[in-house]
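Asker: Add chain B to chain A, keeping to what the hints say.
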Amino acid sequence: DQQVKQNSPSLSVQEGRISILNCDYTNSMFDYFLWYKKYPAEGPTFLISISSIKDKNEDGRFTVFLNKSAKHLSLHIVPSQPGDSAVYFCAASESPYNFNKFYFGSGTKLNVKP
Amino acid sequence: DVKVTQSSRYLVKRTGEKVFLECVQDMDHENMFWYRQDPGLGLRLIYFSYDVKMKEKGDIPEGYSVSREKKERFSLILESASTNQTSMYLCASSFSPQGPEETQYFGPGTRLLVL
Numbered sequence: 001d002q003q004v005k006q007n008s009p010s011l012s013v014q015e016g017r018i019s020i021l022n023c024d025y026t027n028s029m030f031d032y033f034l035w036y037k038k039y040p041a042e043g044p045t046f047l048i049s050i051s052s053i054k055d056k057n058e059d060g061r062f063t064v065f066l067n068k069s070a071k072h073l074s075l076h077i078v079p080s081q082p083g084d085s086a087v088y089f090c091a092a093s094e095s096p097y098n099f100n101k102f103y104f105g106s107g108t109k110l111n112v113k114p
Numbered sequence: 115d116v117k118v119t120q121s122s123r124y125l126v127k128r129t130g131e132k133v134f135l136e137c138v139q140d141m142d143h144e145n146m147f148w149y150r151q152d153p154g155l156g157l158r159l160i161y162f163s164y165d166v167k168m169k170e171k172g173d174i175p176e177g178y179s180v181s182r183e184k185k186e187r188f189s190l191i192l193e194s195a196s197t198n199q200t201s202m203y204l205c206a207s208s209f210s211p212q213g214p215e216e217t218q219y220f221g222p223g224t225r226l227l228v229l
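So the protein sequences, as listed, match chains A and B. According to the numbering used here, the first sequence is numbered sequentially starting from 1. According to the numbering used here, the second sequence is numbered sequentially starting from 115.
Chain A on its own, in the form it takes in the complex (with noise of 0.2 Å):
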């Protein structure tokens, strides 16, 4: 069973708008997050990372918010370019040095439109 959940396949968003991507966690041990962008022909990129200490990470328009009770994460991306179309994983661990278990969800494939 995945540990790591999102369950929005795709999302379509309107060019200069927000774009908010989901990710949900069964496993409360997870406390180091992290997001990944991956352009077609090309390998997943890192992104943002969060661990549980925190709440909020920011860089540019790239935002994750962790809510720990409701083993939820989200990426905000503000505002949205058509250059930020791609697939997007997120991943989780139970530590940032336990390098052998990151947990990938399945990915939500975002459309920005100009």
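Since the hints were made in silico from the structure, they are not lab data. Just so you know, not all the hints are guaranteed correct.
DEER-style ranges, computed between Cβ atoms [stated by the list, open to error]:
hint	chain 1	residue 1	chain 2	residue 2	range
1	B	Lys167	A	Arg61	38 to 46 Å
2	A	Thr45	B	Arg225	16 to 24 Å
3	A	Ser74	B	Ser121	33 to 41 Å
Here are the simulated lysine-lysine pairs, DSS-like style, with alpha carbons at most 27 Å apart [claimed, not checked]:
hint	chain 1	residue 1	chain 2	residue 2
4	B	Lys117	A	Lys109
5	B	Lys167	A	Lys101
6	B	Lys171	B	Lys117
7	B	Lys169	A	Lys101
8	A	Lys101	A	Lys54
9	A	Lys101	B	Lys185
Glycine included, C-beta positions come from ideal geometry on N, C-alpha and C.
Answerer: Positioned in the frame of chain A, the structure of chain B alone reads:
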């Protein structure tokens, strides 16, 4: 910039063939990983290696083996390919120990079709 390269972008093999997927990284990373990506399932870890000649099973090692004879190279081997091994295979590498600022760097992937 970190570069992780994979030997083939697309590969077509027949059932029962032995298949080698090669991965090379140029940043002297200690850790290397092999994942497969399937629709609706995300990335699943097959094997990883934290040093030369060292390997550990991931979540789905059955039907696969790996080899790491040199630090920069990590090979995934399908001893006898089967149709259920048709998938996208992604290699990744990272420094060790992996700190909060660290992440895994991925190659572009190899799309394998087993007929």
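Asker: Please go over all the hints and tell whether each is borne out by the structure.
Answerer: Results for each hint:
| no. | hint | result |
| --- | --- | --- |
| 1 | B:Lys167 with A:Arg61: 38 to 46 Å | holds (43 Å) |
| 2 | A:Thr45 with B:Arg225: 16 to 24 Å | holds (18 Å) |
| 3 | A:Ser74 with B:Ser121: 33 to 41 Å | holds (37 Å) |
| 4 | B:Lys117 with A:Lys109 | holds (25 Å) |
| 5 | B:Lys167 with A:Lys101 | holds (20 Å) |
| 6 | B:Lys171 with B:Lys117 | holds (24 Å) |
| 7 | B:Lys169 with A:Lys101 | holds (14 Å) |
| 8 | A:Lys101 with A:Lys54 | holds (21 Å) |
| 9 | A:Lys101 with B:Lys185 | holds (21 Å) |
Hint check: no violations occur; every hint is consistent with the structure.
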